[in-house]
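K.L.:
With the hints as your guide, set chain Z with the ligands onto chain B.
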Amino acid sequence: MAKKLIHVTVNGQSHEVAVEPRLLLIHFLREQLNLTGAHIGCETSHCGACTVDLDGQSVKSCTHLAVQCDGSSITTVEGLAQNGVLHAVQEGFYQEHGLQCGFCTPGMLVRAQRLLQENPNPTEDEIRQGMSGNLCRCTGYQNIVKAVQYAAKKLSQAAAAAA
Amino acid sequence: MTPDMTPPDMTRDLDGRSLPHESARLHVMGAAHYTDDIPEIQGTLYAAMGVSSQAHAVIEAMNLEAVKSFPGVVAVLTAQDIAGENNHGSILHDDPILAKDLVQFIGQPIFAVIATSTDSARKAARLGDIKYQNLPPVLSPHDAHAQKSYVVPPMRLRRGDVAEKLAAAPHKLSGTFSVGGQEQFYLEGQISYALPRENQSLHVYCSTQHPTEMQMLIAHMLGWPQHRVTVEVRRMGGGFGGKETQSAQFACIAALAAHHTGRPVKLRLDRDDDMMITGKRHCFYYDYSVGFDETGLIQALKLEMILRAGYSADLSGPVATRAICHVDNAYYLSDVDLAAFCAKTNTQSNTAFRGFGGPQGAMAIEYIIDDIARHLGIDPLDVRHRNFYGKNAGAKNAGQGRDTTPYGQTVTDNIIHDLVERLQQSSDYRRRRVLINDYNKNSKFLRKGIALTPCKFGISFNVVHLNQAGALVHVYGDGTVLVNHGGTEMGQGLHTKICQIVAAELGITPDRVRVTATVTDKVPNTSATAASTGADLNGKAAQDAAAQIRGRLLPVAAAMLGCAESEVVFANNRVQGGGKSIGFNDLVAKAYMARVQLWSDGFYATPGLHWDAASMTGKPFFYFCYGAAVSEVTVDTLTGEWRLDRVDILHDVGRSLNPAIDRGQIEGAFIQGLGWLTTEQLVWNDKGRLMTHAPSTYKIPASHDCPPVFNVALYEADNAADTIGRSKAVGEPPILLSFSVFFAIRDALAGLAAGKGSSPPLNAPASCEEIFRVANGFKAV
Ligand code: FES
Ligand code: FES
Numbered sequence: 001m002a003k004k005l006i007h008v009t010v011n012g013q014s015h016e017v018a019v020e021p022r023l024l025l026i027h028f029l030r031e032q033l034n035l036t037g038a039h040i041g042c043e044t045s046h047c048g049a050c051t052v053d054l055d056g057q058s059v060k061s062c063t064h065l066a067v068q069c070d071g072s073s074i075t076t077v078e079g080l081a082q083n084g085v086l087h088a089v090q091e092g093f094y095q096e097h098g099l100q101c102g103f104c105t106p107g108m109l110v111r112a113q114r115l116l117q118e119n120p121n122p123t124e125d126e127i128r129q130g131m132s133g134n135l136c137r138c139t140g141y142q143n144i145v146k147a148v149q150y151a152a153k154k155l156s157q158a159a160a161a162a163a
Numbered sequence: 164m165t166p167d168m169t170p171p172d173m174t175r176d177l178d179g180r181s182l183p184h185e186s187a188r189l190h191v192m193g194a195a196h197y198t199d200d201i202p203e204i205q206g207t208l209y210a211a212m213g214v215s216s217q218a219h220a221v222i223e224a225m226n227l228e229a230v231k232s233f234p235g236v237v238a239v240l241t242a243q244d245i246a247g248e249n250n251h252g253s254i255l256h257d258d259p260i261l262a263k264d265l266v267q268f269i270g271q272p273i274f275a276v277i278a279t280s281t282d283s284a285r286k287a288a289r290l291g292d293i294k295y296q297n298l299p300p301v302l303s304p305h306d307a308h309a310q311k312s313y314v315v316p317p318m319r320l321r322r323g324d325v326a327e328k329l330a331a332a333p334h335k336l337s338g339t340f341s342v343g344g345q346e347q348f349y350l351e352g353q354i355s356y357a358l359p360r361e362n363q364s365l366h367v368y369c370s371t372q373h374p375t376e377m378q379m380l381i382a383h384m385l386g387w388p389q390h391r392v393t394v395e396v397r398r399m400g401g402g403f404g405g406k407e408t409q410s411a412q413f414a415c416i417a418a419l420a421a422h423h424t425g426r427p428v429k430l431r432l433d434r435d436d437d438m439m440i441t442g443k444r445h446c447f448y449y450d451y452s453v454g455f456d457e458t459g460l461i462q463a464l465k466l467e468m469i470l471r472a473g474y475s476a477d478l479s480g481p482v483a484t485r486a487i488c489h490v491d492n493a494y495y496l497s498d499v500d501l502a503a504f505c506a507k508t509n510t511q512s513n514t515a516f517r518g519f520g521g522p523q524g525a526m527a528i529e530y531i532i533d534d535i536a537r538h539l540g541i542d543p544l545d546v547r548h549r550n551f552y553g554k555n556a557g558a559k560n561a562g563q564g565r566d567t568t569p570y571g572q573t574v575t576d577n578i579i580h581d582l583v584e585r586l587q588q589s590s591d592y593r594r595r596r597v598l599i600n601d602y603n604k605n606s607k608f609l610r611k612g613i614a615l616t617p618c619k620f621g622i623s624f625n626v627v628h629l630n631q632a633g634a635l636v637h638v639y640g641d642g643t644v645l646v647n648h649g650g651t652e653m654g655q656g657l658h659t660k661i662c663q664i665v666a667a668e669l670g671i672t673p674d675r676v677r678v679t680a681t682v683t684d685k686v687p688n689t690s691a692t693a694a695s696t697g698a699d700l701n702g703k704a705a706q707d708a709a710a711q712i713r714g715r716l717l718p719v720a721a722a723m724l725g726c727a728e729s730e731v732v733f734a735n736n737r738v739q740g741g742g743k744s745i746g747f748n749d750l751v752a753k754a755y756m757a758r759v760q761l762w763s764d765g766f767y768a769t770p771g772l773h774w775d776a777a778s779m780t781g782k783p784f785f786y787f788c789y790g791a792a793v794s795e796v797t798v799d800t801l802t803g804e805w806r807l808d809r810v811d812i813l814h815d816v817g818r819s820l821n822p823a824i825d826r827g828q829i830e831g832a833f834i835q836g837l838g839w840l841t842t843e844q845l846v847w848n849d850k851g852r853l854m855t856h857a858p859s860t861y862k863i864p865a866s867h868d869c870p871p872v873f874n875v876a877l878y879e880a881d882n883a884a885d886t887i888g889r890s891k892a893v894g895e896p897p898i899l900l901s902f903s904v905f906f907a908i909r910d911a912l913a914g915l916a917a918g919k920g921s922s923p924p925l926n927a928p929a930s931c932e933e934i935f936r937v938a939n940g941f942k943a944v
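Those sequence lines, one after another, are chains B and Z.
Everything in the first sequence is counted per our numbering, starting at 1 for the first residue and increasing by one.
Everything in the second sequence is counted per our numbering, starting at 164 for the first residue and increasing by one.
Chain B on its own, in the form it takes in the complex (with noise of 0.2 Å):
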């Protein structure tokens, strides 16, 4: 089948890249773009390995075709970090210990920093819903419920230090 241009912006760099139609999100990032970090766990839309942040919201990037892409802006976690310095939700991440064999963290990430932009001072039971579409096997989910508290409260005073 023909190829399609499309026009994506990931992690703040402009691409204009022909794609087979029918390619999905998450190979166009890791075989095109080499961007790796998104992982594939289940190609089913279940486990949220592959979880990316498509026009501010968070996709399953193994169930969503690169061409739907199409002009839209995408972050995965190698976007999260700012000229080196790491995202809150990644320091978070760091300090409370939230990951253990890692491979669901990108995801975890990723979903992480959009639930605060969507819910800047969620609960713990709203962490727990937040992310109830992010499976991960070795943790337990208690360092990562952590993780995100540790990066609510970050974020929160950096915003009240730049009001």
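In case anyone wonders, no lab produced these hints; they're calculated from the structure.
Note that beta-carbon positions come from the ideal geometry of N, C-alpha and C, so glycine has one too.
Incorrect hints may appear among the rest.
Quick list of simulated restraints, FRET-style, between CB atoms [what the hints assert, rightly or not]:
#, chain 1, residue 1, chain 2, residue 2, range
1, Z, L609, B, E16, 56 to 62 Å
2, B, A2, Z, E804, 49 to 55 Å
3, B, Q129, Z, G247, 51 to 57 Å
4, Z, M225, B, E20, 27 to 33 Å
5, B, A2, Z, T279, 16 to 22 Å
6, B, D70, Z, M225, 42 to 48 Å
7, B, E124, Z, P299, 49 to 55 Å
8, B, E20, Z, F608, 53 to 59 Å
9, Z, R188, B, G12, 20 to 26 Å
10, Z, Q588, B, G12, 52 to 58 Å
P.N.:
Positioned in the frame of chain B, the structure of chain Z with the ligands alone reads:
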């Protein structure tokens, strides 16, 4: 690293600092490479497998023309293409890499497709035209047992006179129950990437807990000597036992394909294929008779366990052995007759999964004790107390009774009394028990339940010779250190602990120590990273290597400092003595000039172990880990829905090498066990097809399934055995803590208020359907 991320003072590492995971920064940056993230070599091909659609059949004919002619397909390989041994079975050689004439379960790989893309390979793999002549499948372990069809001979452990004691016991109970199997669901699926290298050799990147076995099996398959194959793994995205033997088939197929095509070949399993092909935790069926007195003291136990082994032996024999060795859990059982049958079924070949039969063995006695308590109308915790191993067990009281396991090992490190007492206090168990009983009296549909269950878990491989490990430590000219050892990193934090151990031995900070990928051309002949022994074995080996280097540095340091060797102290990246201090780097530079060997191997073999497989007696374990948990639940008897309200855990990890890592292991194991015993259900249809082969139908716990109150504490005490830093293993034992959830649900369904004799016939997993069935008095289906 931003200022916020600078790890705190890292100098007193073996005091058990909660250092972040050694790859944590890479993980949060998305820069930690798993096998699928390794930049691909040009010309890489991709593999997929054509699998059996029948549970038990002879392959009469195979037409693979449509597969071969599918666009992008480069090669199609079958059993005929295997020059050496067509086997990936680790103990018995009964696991074909590609089935030849006989298929034994739905999902069994028959041929491999190699193509220019994963997509092509997977699509082509579905086009095989295979003619089967069906044979009758055996789908239930009970049917296999009735036919005496086993993958390994039955095992039996007997002590005392069970028949006589049972006859004489004031009370007697018999019953049957079952626990389900469990899919490992490592988040990173099985994957191997094989690269042809010069002079007839292969380098295979493989997500595996057992690189040496992968190397061996690939070599045997190709008819090669072992030294032509190198297997490497930097990290896995979870293992849980599912990558101990189960990675082999895919490592072999990728290697075979690379060998045949002369090009790099990657085989990454689709999740559904992964679940359809690979083995899982064994489900167990129990049949017991127990004799006891009016206080609940057990006088005799006869127990038969039937395991679903699947179509081949794999690790079922050792799993059954470990199950038998954990039927006692924390209890002294004087007279026992324990049998295990590894039933051969036409389903996936079941395998290792965190606990390795231990949890299934221990579950049996907990269920039986629960039955005893309900029969007598007393709190199950009191019956547990009554049966614990002797309080003053230890050298002094050895042989005086109540301290010898059914398999003849004396329990010399028993701390279960104190541990349970502390947890009972901190969790307020007794008061909550009363409150719950009151609640249940006044609640029509919602019922609460609570349970406190203990855990005792033996550490070491049951097979003595596996308890060995090697390590290599290099100190480079600039004073930085590189460690390589035989253990693999699957998220459990092994490499972090090894960094801490080597750093402590050399008196330097862990940031100067780097652990590299596990690879068979550095440390050979390694055991699987399994049985929770990773840090125990490899930690000691790494310490041995580092200690040898320090020993060689010592005279150089003494000369530089002008003091006696005994005065030299290695600490804080410096070496001190005689009132002087030099930098570790300066010492290393000087030692190099003096032609001192700055690298060393290290080795460790766990002392004192022995095991007689025929009588099932010996000393299989170096020591025991202990723990206990209290869970409280609310069950809706109208729907079978339930909620985990609160969990309190106190768990023994000896003197922790890294409390944050150990707590993470405990929490993770508990939630994994919670899934096993409640929501994770494997269902095969009447043709033998696994119907739960994806997360859409197989439910592992998510973040909102966890309890709102989850108190986890470490029991602080040195390991009595001489382990690395007096720590204890932590990977598997805490799986047993999740029993408390199951028994809390059972408690809610019974309620002590219901009086004597009410033992709900609840099986695991206690899914909502199962709870509903029991709550509404339906018969088992
Ligand atoms: S890989 Fe996309 S949700 Fe699992
Ligand atoms: S850390 Fe392993 S899956 Fe989450």
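K.L.:
Hints first: check each against the structure and report whether it holds.
P.N.:
Comparing the hints with the structure gives:
no. : hint                          : in the structure
1   : Z/L609 <-> B/E16: 56 to 62 Å  : 59 Å, holds
2   : B/A2 <-> Z/E804: 49 to 55 Å   : 51 Å, holds
3   : B/Q129 <-> Z/G247: 51 to 57 Å : 53 Å, holds
4   : Z/M225 <-> B/E20: 27 to 33 Å  : 32 Å, holds
5   : B/A2 <-> Z/T279: 16 to 22 Å   : 19 Å, holds
6   : B/D70 <-> Z/M225: 42 to 48 Å  : 44 Å, holds
7   : B/E124 <-> Z/P299: 49 to 55 Å : 54 Å, holds
8   : B/E20 <-> Z/F608: 53 to 59 Å  : 55 Å, holds
9   : Z/R188 <-> B/G12: 20 to 26 Å  : 21 Å, holds
10  : Z/Q588 <-> B/G12: 52 to 58 Å  : 55 Å, holds
In summary, the structure agrees with every hint in the numbered list given earlier.
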